[in-house]
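J.: Just so you know, the protein sequences line up as chains H and L, in that order. With positions in the first sequence counted from 1, the corresponding number in our numbering is that position plus 33. With positions in the second sequence counted from 1, the corresponding number in our numbering is that position plus 625.
Hints should not be assumed to be uniformly reliable.
Pairwise CB distance ranges, derived in the manner of DEER restraints [stated by the list, open to error]:
1) Ala654/L with Tyr43/H: 36 to 42 Å
2) Ala654/L with Arg96/H: 26 to 32 Å
3) Asn92/H with Ser653/L: 39 to 45 Å
Keep in mind that the hints were calculated from the coordinates and are not lab data. Note that this is a predicted model, so its numbers are computed, not measured. Where a beta carbon is used, it is the ideal one built from N, C-alpha and C, also for glycine.
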Amino acid sequence: KAGVTQTPRYLIKTRGQQVTLSCSPISGHRSVSWYQQTPGQGLQFLFEYFSETQRNKGNFPGRFSGRQFSNSRSEMNVSTLELGDSALYLCASSWSGNEQFFGPGTRLTVL
Amino acid sequence: GENVEQHPSTLSVQEGDSAVIKCTYSDSASNYFPWYKQELGKGPQLIIDIRSNVGEKKDQRIAVTLNKTAKHFSLHITETQPEDSAVYFCAASPSYQKVTFGIGTKLQVIP
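Bound conformation, chain H alone (with noise of 0.2 Å):
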């Protein structure tokens, strides 16, 4: 069974500019949620979707976004991108309920 992909696997950008991310979930699995990880603050929650709907949201600004498409997969969007939004963002696939699984993630670096 495939794992769960992210692309792109890295990514740099520029302040202002805005980067979408993608997600494919494993097969099967209708839940993806977003992390965003850094060395000061760890594993923080985005948000989490649910055939097509978000059912949960983390404490982020609305410049962060996503949506989920009718095949599970998933995509984060980021805009009018800060420097305090270099990261490491994590997809994390689930069937329904909490064990998840993590794809790879998505190195992104804002200059």
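On the provided structure of chain H, position chain L as indicated by the hints.
T.: This is chain L only, laid out in the frame that chain H set:
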């Protein structure tokens, strides 16, 4: 919301010794406690989890204990090996997909 504290932040042990990582949580509604291992350049990988109706769970060299009264849970790794070197995260979840992570423990196993 949930708050998870994790200790220690770094841990060095000799190969063959045991390693213990401890976490506390704040939300008494939390009922799912996973542990993840993250190796360099990879996403976190679920290694063991425990639910609130169980006090202890073991899987080969790894065991997790849970004390709901004290809101403590711990990870025990016995007979450590160099390949156990990684960052370990504890987490707590009161509801589907809303998972709060600890800050992480960097474990180094010295050959």
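J.: State for each hint whether it applies.
T.: To see whether the hints hold, each was checked on the structure:
no. : hint                              : verdict
1   : Ala654/L with Tyr43/H: 36 to 42 Å : holds (38 Å)
2   : Ala654/L with Arg96/H: 26 to 32 Å : holds (30 Å)
3   : Asn92/H with Ser653/L: 39 to 45 Å : violated (21 Å)
Checked against the numbered hints above, the structure breaks only hint 3 and satisfies the rest.
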